[in-house]
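Go ahead and model the full structure; you've got the sequences and the hints to work with.
FYI, the working numbering numbers position 240 of the sequence shown as 248, with every residue one higher than the one before it.
In short, the hints are calculated from the structure, not lab data.
Treat the hints with care, since some could be wrong.
Unchecked claim - Here are the computed distance ranges between Cβ atoms for each label pair: (1) 106 - 131: 18 to 24 Å; (2) 99 - 320: 50 to 56 Å; (3) 366 - 99: 50 to 56 Å; (4) 430 - 166: 38 to 44 Å; (5) 463 - 430: 46 to 52 Å; (6) 306 - 204: 27 to 33 Å; (7) 102 - 283: 45 to 51 Å; (8) 236 - 76: 46 to 52 Å; (9) 231 - 379: 43 to 49 Å; (10) 231 - 430: 19 to 25 Å.
Stated by the list, open to error - Simulated pairs of lysine to any residue, SDA-like, Cα-Cα distance not exceeding 25 Å: (11) 92 - 229; (12) 456 - 141; (13) 456 - 114.
Just so you know, even glycine gets a beta-carbon here, dropped at the ideal spot from N, CA and C.
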Amino acid sequence: GADRERNVFEERFSLQCPMALVRSTAADTDNAFNDPYRVLIVFANAASGSHFATNLLQTAGRQLLLSSSQTQIDVFLYNWLDEKERNDGIRFISGLTGRYTSKHLDLRLVIAAGDGTPSWIFAELLQRNIDLSRLSFGVAPLGSGCDLSRVLGYRGPHGPVMQLMYAGRLAESLSKYVDSKTRAFDVWDITIVSEYANGCFRRVTINDRSHASAIERTEGLVRVPVQKLSLKMNNYFSIGIQGRVGIAFDKSRRHSPAGNKTMYAWHSVTEGLLKRSPRLKRLLHSVELLANPAAGRNSDTVLFTVSDEMQKRCTTAGVQAPHLRGNPVELMLMNIPGIWGRAVDLWGDATRGTGLTDGSLLDDTNPEKWTRRSFGDGKLEMFCMPHKASFLSKQMAFFRHHLHRLAQTSGPLRFRFTEQTQVVYLMCDGEFYEAVNPSYMIVSHAAKTHAIVQPEYTDSSPSFEPPQTPYRLNSN
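Given below as structure tokens:
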């Protein structure tokens with residue numbers, strides 16, 4: 009009777025998932041091993057944009073039950089900045105994916121944060137060997153730019169989903185993540201290495217915004233600078249002027265999206281326009297397409313040369329390779345069609361075709377082989393900004409034609425930095441870094457997951473749309 013029902017649910021949920029809620033109705037018992045276990049996990053970053061994440065964690069309760077006439081979903085809230093809660097949440101996900109097959113688990117994440125936090129979360133999950141294809145994720149936008157949330161259709165911090173949260177209609181807002189389409193989404197791995205004794209990586213931290221501090225690791229009893237920086241990228245990555253602007257911006261961040269946008273605009277002028285910045289031909293030798301036997305490529309190939317010195321080396325060696333036109337200020341890789349706080353498709357808006365000279369074009373650099381872009385197609389779009397004016401006018405639609413397309417590629421790629429390079433400014437998903445004396449950078453596909461999208465999303469891959477049902481939310 010009742011004891012048997014309770015034992016069934018404790019065996020399914022409680023033993024391997026100690027924090028899970030225990031169901032206790034006869035109707036649920038009949039379907040206990042047929043219907044998938046539906047879980048919604050909210051990771052909130054209280055440092056992103058506003059104090060709403062803190063209020064959410066304090067007022068909503070950490071374990072909730074989202075239910076409708078057709079189904080019910082266990083909801084768990086974690087403070088991502090709290091190390092213990094972060095590890096508890098990751099262990100919970102690991103336990104779920106290890107215990108249940110895809111058929112018996114519907115696992116969805118809501119990331120209440122800015123653009124940088126999803127990359128951080130994916131990096132932590134991949135480090136614990138969690139298969140990202142087993143989950144779907146959505147974004148509750150709390151940052152300044154919120155580019156990923158805009159592309160996925162959530163708009164920014166004042167979009168319809170967040171308005172429901174601000175109004176206290178939590179059940180209705182969370183149901184948007186449960187009953188929405190999912191689309192394939194790529195996560196990329198970026199590793200920058202310095203082979204020089206004085207090489208290091210720096211960034212501005214929350215604890216000290218006065219300067220960019222070296223990123224360190226523990227070696228024995230001392231802390232030493234890391235010489236290999238590994239990042240996960242969901243949105244975009246850049247080399248050049250944007251990273252320099254971002255480092256200055258990080259030193260003067262505000263506690264409101266409006267204040268941050270004002271400061272970013274200010275530093276775009278003072279750091280981007282008024283100060284002299286190294287251009288790409290001084291920073292990079294070449295971009296190479298690495299061997300990938302699975303794709304029928306058995307050796308490394310020069311995708312295109314950047315520095316004039318490397319072009320001469322290739323010519324001397326009898327290697328024909330395209331060469332970068334001009335001397336751009338920025339090189340960008342994009343996975344989503346959105347940047348700078350707007351759903352701006354820079355790749356689609358560029359009209360100058362390829363930014364490469366004639367040479368032995370591979371399919372990746374041949375415009376006739378390029379396909380319509382998608383954030384789940386396993387490819388990145390690469391383009392460059394030829395001059396400072398292009399950087400400053402990037403958000404004006406009638407000026408974006410000056411951008412130069414370079415390649416559409418699935419990689420893996422190797423970027424070789426020049427020997428005279430001292431500091432390279434980098435940006436990854438809205439996070440900014442200084443690379444001191446870098447040697448090379450590897451970009452490769454890390455994983456494929458599923459993005460939960462709203463009706464206003466901007467992409468072109470196939471989708472799945474579950475039925476819409478009204479929900480109610482109960483605290484436990």
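Going through the earlier hints one by one, which of them does the structure break, listed in rising order? Hints that this structure does not satisfy do not exist here, as all of them hold.
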